[in-house]
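**Student:** Modelling step: build the complete structure from the supplied sequences, incorporating the hints.
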Amino acid sequence: MSLDFQQVRQQIQQLAEGAPAREERRRNLLEEADRLLTRHAMDLDYLREKVERAAAQDQYFRSAVPVSEALNDSFPLPDMPAEATLIAADGSQINPDRHLGIEYCLVNVGAIQMSLGQNNAPATTIQSTLYYGEELFSMQEKIVALIRDTREREILADLAEGATGMVVTFTDGPVELWGREVALDEEEVQDERNFFERYQDALSRLYTHKTITAGYVDRPRSDLVIRLLELAPDTKNAADARKNRWLRGILDTEILEKIIRPGERSAIFGLLSPTSKKYRSVFSLHFFYLNVSLIEGKPMLARVEVPAWVAQDPAMVDVLHAILVQQCQIVPTKQYPYLLTRADETAVVSMDEKEQVDRMIAQEMYKRGVGFAEKSQKQQSKEIARQKPHRKKGI
Amino acid sequence: MTHIRIGRLLRSSTPKFVVGCQVKQLDSPGFGSLVRVPVDDNYQIYGLIYDIRIEDDGLVRQLVTTEGIDEAIIADNRMNRNVPVEMSVLVVGYQEQQIIRHLLPPRPALSLDMIYLCDPDELVQFTSAGRFGYFRHILRSEDTPIGELLSAHISQVYQANPDKDWLVTASRELISLLRDDHDTLMSVLGALSDAVPEVKG
Numbered sequence: 015m016s017l018d019f020q021q022v023r024q025q026i027q028q029l030a031e032g033a034p035a036r037e038e039r040r041r042n043l044l045e046e047a048d049r050l051l052t053r054h055a056m057d058l059d060y061l062r063e064k065v066e067r068a069a070a071q072d073q074y075f076r077s078a079v080p081v082s083e084a085l086n087d088s089f090p091l092p093d094m095p096a097e098a099t100l101i102a103a104d105g106s107q108i109n110p111d112r113h114l115g116i117e118y119c120l121v122n123v124g125a126i127q128m129s130l131g132q133n134n135a136p137a138t139t140i141q142s143t144l145y146y147g148e149e150l151f152s153m154q155e156k157i158v159a160l161i162r163d164t165r166e167r168e169i170l171a172d173l174a175e176g177a178t179g180m181v182v183t184f185t186d187g188p189v190e191l192w193g194r195e196v197a198l199d200e201e202e203v204q205d206e207r208n209f210f211e212r213y214q215d216a217l218s219r220l221y222t223h224k225t226i227t228a229g230y231v232d233r234p235r236s237d238l239v240i241r242l243l244e245l246a247p248d249t250k251n252a253a254d255a256r257k258n259r260w261l262r263g264i265l266d267t268e269i270l271e272k273i274i275r276p277g278e279r280s281a282i283f284g285l286l287s288p289t290s291k292k293y294r295s296v297f298s299l300h301f302f303y304l305n306v307s308l309i310e311g312k313p314m315l316a317r318v319e320v321p322a323w324v325a326q327d328p329a330m331v332d333v334l335h336a337i338l339v340q341q342c343q344i345v346p347t348k349q350y351p352y353l354l355t356r357a358d359e360t361a362v363v364s365m366d367e368k369e370q371v372d373r374m375i376a377q378e379m380y381k382r383g384v385g386f387a388e389k390s391q392k393q394q395s396k397e398i399a400r401q402k403p404h405r406k407k408g409i
Numbered sequence: 497m498t499h500i501r502i503g504r505l506l507r508s509s510t511p512k513f514v515v516g517c518q519v520k521q522l523d524s525p526g527f528g529s530l531v532r533v534p535v536d537d538n539y540q541i542y543g544l545i546y547d548i549r550i551e552d553d554g555l556v557r558q559l560v561t562t563e564g565i566d567e568a569i570i571a572d573n574r575m576n577r578n579v580p581v582e583m584s585v586l587v588v589g590y591q592e593q594q595i596i597r598h599l600l601p602p603r604p605a606l607s608l609d610m611i612y613l614c615d616p617d618e619l620v621q622f623t624s625a626g627r628f629g630y631f632r633h634i635l636r637s638e639d640t641p642i643g644e645l646l647s648a649h650i651s652q653v654y655q656a657n658p659d660k661d662w663l664v665t666a667s668r669e670l671i672s673l674l675r676d677d678h679d680t681l682m683s684v685l686g687a688l689s690d691a692v693p694e695v696k697g
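Protein chains in written order, with this note's numbering: chain A, 15 to 409; chain B, 497 to 697.
Misleading hints may appear alongside valid ones.
[Stated by the list, open to error] Which residues of chain B face chain A? A few of them, derived with a C-beta cut under 7 Å, are:
#	residue
1	GLN521
2	GLN558
3	GLU567
4	ALA568
5	ILE569
6	ALA571
7	LEU606
8	ASP609
Simulated from the structure, these hints should not be mistaken for laboratory data. Every residue, glycine too, gets a C-beta built ideally from N, C-alpha and C.
**Tutor:** Here it is in structure tokens:
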């Protein structure tokens, strides 16, 4: 046992003592956010102008941007298309670990493709890529994540190009590549630039193929609409929007789940972020919230991120809306797109598989008489300490 | 000759082993089927499937409670997912240097060894070697539906080679082996006459 429960207990008591006051404050803020949403629902130009001013003052400002639909509008569940090809992709990785004897990293991307209205089993595709040697010199974990995200989008583009008719693709998580704005050194900046170009190239192929593409954010904790509402009062100065987070703690879902009924979607918003300028024209990012629950009183909101070519095409939005809600009904207790569950299952690299790769590399090295460093003492100690007792399994 | 692969060995001991396969591989083998595990060129182990178990997992458990599952989703779970099917096999003999023995093998099969379904010729070849010595392994096996397993096996042999003499000799051997265990004998003969009506004659 490594936890000092005596110390934790005191802190838990302090936590609980402050809870009623915090809750009261949150309730007041939530009511204020509700009021602002109603009052400024149609003030699209006014809010857009305020967002632009805030962005001009602060390059790191993030917010929703009104487009053309009232902020508090909601849209009913459209009919399912009769035919479409659905493709979902996900990725996982083995990060480079300097404590292991052999340094490598691996990116595994899995995709699953099914055709609506057909009974045959969906097709799965897996692409596993090993990175090693000099490639690893600048390979920080965030670059590996960038490679994974790029490969996800590329596999979607590859498969979409091979499909006919209407194609809908989605991944878990946003379309926007996250947290790339601060790089460590020049080499890393160059790596980021290269992979971002490949990412945009994949998006461009999806656009050329008229593919409906989206990023699905489950249980979103974003406050992009809230940030927009923080700018709404006349008294609030757009210049210090990021510093003056007076509705901090309130989430978009908390105000929108009262408006979006089962199966409905919210208005479409533009996405302003530090990376917005990288996604221009048809690629500029938009999002809407989707209540994937069909049960009254039990909303389950997801955030769906789409590029402008989808956001600006009502027919594409309707197809995406219908398909995502239908996908979430396949396992109603989960309310998460079935194909994303399967894409994750297809892509995930288990610990056993990782150990198998370690062994395969070690074997090949031995065969060629190449020595490699042993695991670090730190890694060996950790493994011994965490080893579970072996259970005997009967036949 | 077509060799039907039915899966790979998950775990084994001298008298039993367990084979893992995917649901889509489950077409050919059945309860009572004779299977073989070639361990090397001169050594293979024979066994009878006495239990087939289809494991669930979280997703299957969630889907089970869903109404009107799409056929494509069912096909996906059966064809693509690694939902394992486990087949328990009772070892009934082995072959070494071309000689089939109805004895427990000297060494068990190894993890990931491939398991094949015996074709009718192989089935007849195994059952006609020796004098039903492998019945002993079946009769002393615990947690095995002995009567059902014997009747399924004998029925499959009879289908492969409708030799009434063999059927009669096999039945007599069982009666002899079970002469001190009236309950089991009745259960075995009952199951056998259901599966192979000819045995009554």
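**Student:** Hints first: check each against the structure and report whether it holds.
**Tutor:** Okay, the hints, checked on the actual structure:
1. GLN521: violated, 14 Å
2. GLN558: holds, 5 Å
3. GLU567: Cβ of B/GLU567 sits 4 Å from chain A, so the hint holds.
4. ALA568: Holds: closest Cβ of chain A sits about 6 Å from B/ALA568, inside 7 Å.
5. ILE569: holds, 6 Å
6. ALA571: holds, 4 Å
7. LEU606: Not OK, violated: B/LEU606 not within 7 Å of chain A, min 14 Å.
8. ASP609: violated, 15 Å
Taken one by one, the earlier hints fail for this structure at numbers 1, 7, 8, listed in ascending order.
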